[in-house]
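Here is how the chains run, residue by residue.
Number of protein chains: 4
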Amino acid sequence: MNEVTDPPSPTISEEKRMERIVTKEDYIQSLKDLHHVVYYKGKRVEDVTEHPALRPHINSAALTYELALRPEHEELMTAVSHLTGRKINRFTHIHQSIDDLIKKVQMLRLIAHETGSCFQRCVGLDALNAVYMTAYDIDQKYKTDYFERFKRYLLHVQESNVMVVGGMTDPKGDRSLPPGKQADPDLFTHVVERRANGIIIRGAKAHMTGAVNSQEILIMPTQAMREEEKDYALACALPLNAPGVILIFGRQTNEERKCEEGFDAGNPQFGLVGGEALIIFEDVFVPWERVFLCGEYDLAGLLVERFATLHRQNYGGCKGGVSDVLIGASALAAEFQGTAGASHIKEKLAEMIHLAETIYAGSVACSAMGYKTPSGAYYPDPLLANTTKHNVTRHIYEIARLAHDISGGIVATMPFQGDLENSEVGRYVRKYLAGAQGIPVEARMKILRLIENMSGGTALVESMHGAGSPQTQKVMYGRLGNLEQKKRWAKRLVQID
Amino acid sequence: MNEVTDPPSPTISEEKRMERIVTKEDYIQSLKDLHHVVYYKGKRVEDVTEHPALRPHINSAALTYELALRPEHEELMTAVSHLTGRKINRFTHIHQSIDDLIKKVQMLRLIAHETGSCFQRCVGLDALNAVYMTAYDIDQKYKTDYFERFKRYLLHVQESNVMVVGGMTDPKGDRSLPPGKQADPDLFTHVVERRANGIIIRGAKAHMTGAVNSQEILIMPTQAMREEEKDYALACALPLNAPGVILIFGRQTNEERKCEEGFDAGNPQFGLVGGEALIIFEDVFVPWERVFLCGEYDLAGLLVERFATLHRQNYGGCKGGVSDVLIGASALAAEFQGTAGASHIKEKLAEMIHLAETIYAGSVACSAMGYKTPSGAYYPDPLLANTTKHNVTRHIYEIARLAHDISGGIVATMPFQGDLENSEVGRYVRKYLAGAQGIPVEARMKILRLIENMSGGTALVESMHGAGSPQTQKVMYGRLGNLEQKKRWAKRLVQID
Amino acid sequence: MNEVTDPPSPTISEEKRMERIVTKEDYIQSLKDLHHVVYYKGKRVEDVTEHPALRPHINSAALTYELALRPEHEELMTAVSHLTGRKINRFTHIHQSIDDLIKKVQMLRLIAHETGSCFQRCVGLDALNAVYMTAYDIDQKYKTDYFERFKRYLLHVQESNVMVVGGMTDPKGDRSLPPGKQADPDLFTHVVERRANGIIIRGAKAHMTGAVNSQEILIMPTQAMREEEKDYALACALPLNAPGVILIFGRQTNEERKCEEGFDAGNPQFGLVGGEALIIFEDVFVPWERVFLCGEYDLAGLLVERFATLHRQNYGGCKGGVSDVLIGASALAAEFQGTAGASHIKEKLAEMIHLAETIYAGSVACSAMGYKTPSGAYYPDPLLANTTKHNVTRHIYEIARLAHDISGGIVATMPFQGDLENSEVGRYVRKYLAGAQGIPVEARMKILRLIENMSGGTALVESMHGAGSPQTQKVMYGRLGNLEQKKRWAKRLVQID
Amino acid sequence: MNEVTDPPSPTISEEKRMERIVTKEDYIQSLKDLHHVVYYKGKRVEDVTEHPALRPHINSAALTYELALRPEHEELMTAVSHLTGRKINRFTHIHQSIDDLIKKVQMLRLIAHETGSCFQRCVGLDALNAVYMTAYDIDQKYKTDYFERFKRYLLHVQESNVMVVGGMTDPKGDRSLPPGKQADPDLFTHVVERRANGIIIRGAKAHMTGAVNSQEILIMPTQAMREEEKDYALACALPLNAPGVILIFGRQTNEERKCEEGFDAGNPQFGLVGGEALIIFEDVFVPWERVFLCGEYDLAGLLVERFATLHRQNYGGCKGGVSDVLIGASALAAEFQGTAGASHIKEKLAEMIHLAETIYAGSVACSAMGYKTPSGAYYPDPLLANTTKHNVTRHIYEIARLAHDISGGIVATMPFQGDLENSEVGRYVRKYLAGAQGIPVEARMKILRLIENMSGGTALVESMHGAGSPQTQKVMYGRLGNLEQKKRWAKRLVQID
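Those protein sequence lines, which keep their order, are chains A, B, C and D. Letter by letter, the first sequence follows residues 1 to 497 in my numbering. Letter by letter, the second sequence follows residues 1001 to 1497 in my numbering. Letter by letter, the third sequence follows residues 2001 to 2497 in my numbering. Letter by letter, the fourth sequence follows residues 3001 to 3497 in my numbering.
Be careful, since some hints might not be right.
[Stated by the list, open to error] Once the Cα atoms are required to be at most 30 Å apart in a straight line, the calculated DSSO-like pairs of lysine-lysine come out as: (1) C:2474 with A:487; (2) D:3024 with D:3041; (3) A:87 with B:1372.
[To be verified] Computed Cβ-Cβ distance ranges for the label pairs, DEER-style: (4) D:3342 with C:2371: 31 to 41 Å; (5) C:2178 with A:228: 32 to 42 Å; (6) A:485 with C:2485: 45 to 55 Å; (7) B:1298 with C:2341: 25 to 35 Å; (8) B:1070 with A:478: 27 to 37 Å; (9) B:1026 with A:371: 30 to 40 Å; (10) B:1259 with D:3482: 53 to 63 Å; (11) A:371 with B:1032: 39 to 49 Å.
To be clear, the hints were calculated from the coordinates, so they are not data collected in a lab. None of these values were measured; they are calculated from a predicted model. Ideal Cβ placement from N, Cα and C applies to all residues, glycine included.
Start from the sequences and build out the full structure, keeping to the hints where you can.
Here you go:
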């Protein structure tokens, strides 16, 4: 059902980008054409698609395009636009049903099986849905026209199939101080000027997953805002090659290995985690057409909560899928060294499966208990979505711990691939890293490197802080847990008032 | 859709029972009329409905009838029979959709909010569904007519609305020996004679929840069986007043308090846990019309697995609901003693909510991922159902531990109600058990007794072993976790075969 | 080395009590002679030694006398008084060395192996040591003579060998309010009158372990006090038969079973936990000779902290020992039902051992790191003592959970002993509770009842709140953890100031 | 007490090495002079002391020399040789008392506070003690003279103060096969030839901590051996520059950063973990004078168990100390971003302290419960030592998880130091990474990098597998836990035989 009559204004996007991105090649070409300002290790990156440290992240995101073209994955990877009735990539879809919510989770687990890593594009999907729902509600309250504007923007995203990064987390400086009280007012992203044709914004968004290989960003406020923080109540979209936008890629665990050939990188094709960047907005212009919240401070909190819920919904899907790969790798590591038959190994693999399914169950459950918002878009159950993410902040660490347990110390002390290939000592590496008979040493080393890659620093931290730190979930339990109702049940049982 | 043409044979059930049980009073009257052989504390119980130690369990089960009569709960508590198209109690329903599976879980949480305890009737519901599915499959394989027989039995259950206890767990004697090798062949329930009109069975079923206040039992085998164990491959239904059936009620934590007046029982109206009994079958006759598996040993395992899955599906529903009450009680305990504002108390309540929602999420998820069996009945995802129950075996203990933490030592050392009422020392109890101002001492004591009741021995053990011990879930991870597929994903990532 | 020249004043203790308690019989006789005011279940108890609900606790405490008479335990159970050079019961000893601290812990584990329960007398031991150390420090600061007074009292305790209960925990009413601000000033125990020959006190001490079978109480303040709370800064000793003292025994898990014959009580000889009582002081007179802190509010906190440390030191000893028994019982339960060979059972028993040794290690470590206080008495390391107790609040629950896991559901649903003995159904209980061949059913039932006794409600709560609730330990980490030093180490490594 | 009459044979060690290593400079010079064969990243390292990837490990080990020269640490860092009565470095000492065992643990925690990393030298210390004890026992059984030989070797070590790496873990190939049954017999290190003057050995030792910066290795068997595995029952010492010895350094987490200037390495001076190497023995000659077990297969297991116990004793010391630094760093990270006052942050820091003290308590306890072996050397309680290490395999991961929680996502996504220093974007990094007022951005970045370093992959894996994988500890519980005695205690309580 298409309620949009006018095509979206083409003023922002260059004509080139409006060409639909269909294949991996289209996606890479669009990034080449973007010419956005990216820094890596203190140097400007001319072409992100050619940089070995960035390429794995691009490969991973590209799978969101590639898999959508495979008939066997069409049901999960694509959807029918409620705006146009046309088939679109599910990463640009507004959820129209509980089934859509569940399919989103299944899609995430599916892609994670292919990448063993983060594929980044859910951030934009969740931002689109959160802003969609909330733009509607703002209009209801303030008679604004954000919803129509946003639908035009959404149509552009669905039609062009661009990758959008959602931008929420501000640097925040001193966390004990609110936006207006920071030594530097820019530590929260804000409007510095309102013009006839648009606004000027300044600030930054921190650790944005997939930012260097997205074409656009959809900015949201970082927290609930009070009246004096009106200028910080801001949602808008802009292309990442807009003047004044600078991206600085964060340093990852073992990131240097991505620049080597061979298997020491662990997951050579898809890297690890999302490839996070700090995005600077140095007085960037955004036309009104792309502004979706500007000053309606009392709805900033709702937008944040919705994005958080939609994003927390995901973590049992993608991390469940990533965990499946790590479980498989651990089972192989055991097999390759002859311990697969030991009862304690089987018990540990069973425990890993238990933990992976527990987080997946959370994602499914919050989807199944989802409901329709006034905008028509479907929204997962927020209490269960928070539960899901909170379990992820614990179980992914335990899964990694068990992977280490099963793999043995060799996972942290194995010689370099270069040693295996060295003419003097290569034969010793080959001789002494031999495992069960018939298993090539390379196979064993590759699996161990994959486990190292998937169970290390950045991979863990992402499961802790992605979609909000644990305390943000704990806080939600207080708000959503309905303690008053629970007290009433207890009182009734023992007949007190 | 009603595929049953003949009414079920009235040969087993007395005519009286065929009268539909509608109200709590009907249910109690039917138990009075049953005259089944029940022992408690070494003595025969003449009327279970008058025995103070049994009455709370009856009250709890009775709610499955009472709530079904309340309009606001009709959607969850009733269903439309696929046999007759008539409205039936959901506890007698064969799940016809994923929505049915989810409603089952919601119904369980709803009743648990009312009882703070076990209401027992899900065992029979799960047995009905498991036998239904499997009878169909046996017929497909062996051209037997179990499915038609079973539908007639099901119709009887739906129409009469009797409470059926599902009977699976055999005593098993020496667990290291299979059925045929035990010193006493009766340690597993088995057929001892086949007659023209029926069979004679001998053995026992252990810790059957709600058995003393059920009218009938639906027996299933206790584990997968091999060819030489044919006589142990047995499923059949019989009334609990059949000659040769003896029920011995198990000793519970603090069971003596149920026989006192007042609040020391903790949950005076609904007791705790299900009221488990050992059921003896001393050469009991069962007509063929009520036999649904008899010798087809190779399908015994499937029946067991299905019952286990259907029963494990429940635990996040009922235990989630029971936990809600315990959380509410803990919040009140804190409030009553002035600690509700402490940050560590809030943190612990939040953690309890987190754990309760985690187990509930499991029940919802396995329901949402359920599917249709060949019989037409819907079946929850077995891997996720096992995950759910396995989390229950851990989280309920942690929830209890946190309840103890919040309540303080008083929960285990509080004077008797009799001391409060004593003319000499009552005023001291009242004086020194005073909490926050305005809170009556009785209210504080009642809530603490409720917490004691809900967090103690039997209540915990039930969450450990009900629906199968933890190891039975771990074993299922090995079978359902699809480790081979997980290995393939890992191999593909690092390009090894 | 005896620094006391005058014998202690005989004004308080009746002459009879000054006769030395040597044997179990002496101890019981002294309790018979005490005629203190004890209430149980709303009734006055005339003779605590004849009451079946109290007798197990007396049996357990009596072992502290009995074992001291066995040559093989003399080293642990006795010590040489630093006051008199005479051999005394270690429960009346002031620790003179690190070796004494370690022997205390070993003694506790030893007795726990004999009782499988609490033997209560450590509370008094810890109170004696804490008051000893602190009386010395008060004198140093205020030129009082508490230390000499206290040594005279100590001499009386050592010579008479009475059982002293330490009394710290006040009822506290509304926990958010300090002593002076409660609606009822008596909710914290305080001095209500100062006379020439002594003081009058009013208030109560809650859940005092072993109180009903102690002869005396050594009262301490419940928390640090401020200047306006001077009257609450109070330490003194008095006999429990002093006029105005009333004891109300708390209700325990399954306490009714103690009044039955047979094995259903689980641990028929020694009951469970300590037998806690609420002690009321209704304007009780205490002569100055027995007052050891009275108004020196600024040292109340130190006394509390010391008692807490000395008491937290114990928990890996006694609970480690109790856990050993529970581990043994669980191993037998497995053996009796034929599961002892299963790898998951072995793994769970190993985990139980791990947890029991972890808490024991804490008790040993805080003892080994102990040091001499200005008074000459030795004191365990407080940080490590807190660590010990904090682990107990977690691990005892996990040990109980594993015991339940190993035992099976039967631990919570087993028929009454009366059923086994019933002429009609006894043979069925015998038949169907049979386990591995050759194991008498009674043996299996007894072990299961023991496990039920040791893993249930009160037994768990005691490990949570005895010696202070978890939060009191967490608070100490903030004070003792030396975070500033830790920060300096981190700064030095990365060369920042 | 010196029982050695002859000076040790100087045949092995070059004269130069016999000069006593006193200072850090001596130590480094000795490594320069060693000319051992070391490979790093597929290339031969000419001088380990000049290689940036190896230098931090050398710095860390060098502290074992430096701190011994500081008067304030003399008591912990040095000891008096029982052979010569001379002051020696404690890392070359045979424990002569319980006090020695405790001082060892305290020394480890002390050095860890200085390095925040592994200082490697305990491996050799534990090997010296384990071989010492066991050589004595072999002699008692077989009338061999290993003990005298070993004392001569020990004297050499004490006098020269060389760093000895203990070598136990063989590559083991297919873990399901014993030494003699591997496809390649060299997968376990073994004697390939016995000559008049010595033996020829072949094989490898895997992940040897500190090997590349040790002068000598003391080889031990990797597990208990059977009669047919006599050639694998081998203990001997040799210099690491012996012909045929090749060392291959393992790849660590973020090892490339060690080769950069600046703070991104996290702990620039001391690296992370121990710097593990694979050591190849390609037909290496060892004179009889340095052979301490050769064929007495039945005592191989005892030697392994002793080394394991002595090494497991350590982990609460060094990891406790490392954790202290990580706790301090986490507290600073919170402070620097303004969250130090939040109650959940305080709670998490308290939990980290709790866990660190728990593991430390284990190390202290097994030391305090240590005892004298027949050789005269003291030995920690093996059950408690295993408990200690087993807790480390869990708690270090949880401490790291909490460090991540407190630090925020920035710990995994922070820009490179190069970005901070870049002329274009450096000012943005400075602006947007600002935290609480007055905190230099460099300070914040350094602390976050330190946390990243200490909580990542290799640092965790070492705590899992160093001194034996978790399952090796679980196995010991079965052997040392005395389950039979525990069963007897339980039986006695319920009066069964």
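Evaluation of the provided hints:
1. The hinted pair formed by residue 2474 (chain C) and residue 487 (chain A) meets the criterion: a straight-line CA distance of about 27 Å does not exceed 30 Å.
2. Between residue 3024 (chain D) and residue 3041 (chain D), the direct Cα distance comes to roughly 27 Å. Compliance with the 30 Å bound is thereby established for this hinted pair.
3. Only pairs whose Cα atoms come within 30 Å are accepted, and residue 87 (chain A) paired with residue 1372 (chain B) is accepted, the gap being roughly 29 Å.
4. Between residue 3342 (chain D) and residue 2371 (chain C) the C-beta distance comes to about 35 Å, which sits within the given range of 31 to 41 Å.
5. Between residue 2178 (chain C) and residue 228 (chain A) the beta carbon distance is about 37 Å. The supplied range of 32 to 42 Å therefore holds.
6. Our hint of 45 to 55 Å for residue 485 (chain A) and residue 2485 (chain C) holds, since their Cβ atoms are close to 47 Å apart.
7. At about 27 Å, the CB distance of residue 1298 (chain B) to residue 2341 (chain C) agrees with the hint of 25 to 35 Å.
8. Restraint check, residue 1070 (chain B) to residue 478 (chain A): a C-beta distance of roughly 31 Å satisfies the suggested window 27 to 37 Å.
9. Distance hint check: the CB atoms of residue 1026 (chain B) and residue 371 (chain A) are about 37 Å apart, consistent with the given range 30 to 40 Å.
10. A hinted range of 53 to 63 Å is violated for the C-beta pair residue 1259 (chain B) and residue 3482 (chain D), which are about 43 Å apart.
11. Taking 39 to 49 Å as the suggested C-beta distance range, the pair residue 371 (chain A) and residue 1032 (chain B) conforms, at roughly 45 Å.
Violation of the numbered hints given earlier is confined to hint 10; every other hint is satisfied by the structure.
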